[in-house]
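Peer 1: Take a look at the letters that make up each chain.
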Amino acid sequence: MKSVTNVIICGTGGQGILLASEIMCAAALLAGNDVKKSEVHGMSQRGGSVSSHVRFGDKINSPLVEKGCADLILSMEKMESLRWSHYLAPHGKLVACDLAITPMTVNTGHAEYPDVNAIIEKENLPVTLIPAVEIAEELGNLRVVNVVLIGAVSPHLPIDEVHWKKAIEERVPPKALEVNLEAFRKGRELFGN
Amino acid sequence: MRKKLNTIEEGTILLSGNEAVARGAWEYGVHFASAYPGTPSTEILETIAEEYDEIDAQWAPNEKVGLEVVAGASFAGARVLSAMKHVGLNVAADPLFTLSYIGATGGIVIVSADDPGMHSSQNEQDNRLMGKAAKVVILEPSDSQEAKDMVGEGLRISEDFDTPVLLRLTTRICHSKSMVKVGPRKEVPVKGYVADIKKRVPIPAHARAMHSRVEQRLEDISAWGSECSLNRIEEGDTSLGIITGGISYQYVKEVSPEASVLKIGISNPLPWNLIEKFINMVDRIVFIEENDPYLEENIKARFLIQADGKNIIPIEGELNPEIVRKAVHPGTTREITFSEIKLPARPPALCAGCPHRGAFYCLSKLGGSSTGDIGCYTLGLMPPHNALETTVCMGASIGVLAGIEKAVGREGMGKLVAAIGESTFVHSGITGLIDMVYNGNTGTVMIMDNSLTAMTGGQENPTTGKNLRGEPAPVLDLEKMVAACGVKHIRVVDPHDLTEMEKVFKEEMDREELSVIITRRPCIMAYKPIRKGIAVVDSEKCISCRLCMKLGCPAITWDGEKPEISRHLCWPDCDMCVQVCPVDAISKDMGGLT
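Protein chains in written order, with the numbering used here: chain A, 120 to 312; chain B, 22 to 615.
Looking at chain A on its own, in the form it has when it is part of the complex (with noise of 0.2 Å):
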């Protein structure tokens, strides 16, 4: 039985990445698990390209995923999703927020956002897009789409669903609280299986 779980969270800056990773370790950690992660900030809090490593199991070395062995890939934006999906072991999923935001390089006419569904199509890849905005507006609160996505990606994860709620009771603030749980709860439902 493989004792590791491999997982990358991916978008871009401002988009409440670290906070999904941290509610997803908090889960992992209440589940009895040894648990890493790693991200880099700095720069990447301008916009730029941001990812999360997070793996779990009984004892866990290295706090990166070895390219080739992501369990799942959790974007926050579609064309970043593409951007890890070599790190993607052959089993793996890969869900992402059916959002594009244009980097600047397109704004300034150096590059072009590419067709991303094409691409998924192209490359086989196994990608669920999820309209995480349009539930998180719906819901009232923008700043809910990742919590959002951690529902739509909780039940492929060896965590219960009472380690995932209480994780996000423990990291959120009270007042956004009900929100929060509701967002997990509509993740779940509509895109968990």
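No wet-lab data here; the hints were simulated from the structure.
Every residue, glycine too, gets a C-beta built ideally from N, C-alpha and C.
Warning: the hint list may mix true and false statements.
In silico EDC-like pairs for lysine to aspartate or glutamate, Cα to Cα no more than 20 Å straight-line [stated by the list, open to error]:
| id | chain 1 | residue 1 | chain 2 | residue 2 |
| --- | --- | --- | --- | --- |
| 1 | B | Lys156 | B | Glu236 |
| 2 | B | Lys24 | A | Glu288 |
| 3 | B | Lys583 | B | Glu561 |
| 4 | B | Lys202 | A | Asp153 |
Which chain A residues face chain B? A few, computed with CB under 8 Å, are given here [to be verified]:
| id | residue |
| --- | --- |
| 5 | Ser157 |
| 6 | Glu185 |
| 7 | Ala208 |
| 8 | Thr221 |
| 9 | Val225 |
| 10 | Ile238 |
| 11 | Leu309 |
Here the structure of chain A is known, so what remains is to put chain B in place on it, guided by the hints.
Peer 2: Okay, now just chain B, sitting in the frame of chain A:
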């Protein structure tokens, strides 16, 4: 909501390396800490200020001062910690090298956060070489638990052996989280200040004796280090022996769990006895270390052994499990199912609403450019502004501009100005300006004052009006300071007012005397936006001239024919796009604020 960390006295918690260093400082009785922010070290002092009230913590104007104040506190018998990024240690090198001779009364731990891979730095220097040159003890943790423990070990070594201790972290240690077993704070009394001239005044007569003590100290610690648990042999298959330390140790355990490993925790002085034992134990030796061949060169030189190292492990960039696997077990790399896809880069950009945008837009519009410095405004080099042409180190923009004028005269300098943030100016730009005045330069220095150390995430500095703990603090008067340097022409302008900004640039670039332009508007991270509405485009009026695209605002994208402005990204307190539109096609919509 989670509890403040100084209320948790037992258990296991998930901490980053930086948070673990802060925790270690608290548990092992550090009284005083000082730092200048620098990625990847910044969160150490921030965590101390937020979580551990028992430690007196403060931002210093630069790393040299940061180290000097903790040195003084150590002289008075307090346990101290100073933190900085790797290049910060260059600034603090002057006190470091002599503090090594003087030693420590209260324990001194100096954190150097190196940045292999240059995630947010201008070079990839390996500060194990700096620590060795300074003849101080270097400790290197491999995870957060060790980062915490090594603060305690470091303070003990510092006091027992009378030496400063360099705790060398790397980005991957600083910003990775792992489990840490925590305990309560152990109070250590401050010993009190007692004058000791022979110990603390390194006039040549004293310094010669000090140097002898330093050399003896290194021998003593090397011998002790062969017995202590910070360096250890993990015996496995003896056909392969790997010598490693820091984060590289984790990659070795990941890809080569069966090999024998010598884990070096004290990188200076090296534990020669233990190393000799390991060499005699294994058939083949491989050095796995990031960046410079520090362990490899030192150990090969001492024992004249044949071993693999930088011939199979790159000297540039960060290591990772793939690189180590390929080097140690060639032919066993993981199968990649999905191929790597070539995508547009997503570099960082100035935030929507950033006041620096106005200055770079106007500079670029006038055909000007700048000698640059270290901060968010280094992004002025990117398209569409293309308005920054050099960066060396903190404060260098001013000296470099002065030197260009010395080489090619005012004519040859063209429309170059120096661009430096207020925090960087206070850090080490002031002396450059004094040099310009003193030596008769005529250029224009632009101090980009957003009253916050922004690039590292928004830290307070002497111009902010607040200290590290968010308490009110005196505001440094930049105009008076610049005037006191002898600058006669000082202009203060709001860079968001594009007409005024352009006018001031023109006037000061034409002036045949030295001038300083202070562009003053707070960083958007420093305040809640004044709600002036979200910018919207009237596509009927828009003539597709693309002038708004020249702002390089991340909220404005081009749909092929017309601009679109994201209501999620637009900053309500900014209307530069409204100002640049020649046909009034952009206006502020008071509805739709999110």
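Peer 1: Which hints from the list above does the structure break, by number from lowest to highest?
Peer 2: Hint 11 contradicted; others consistent.
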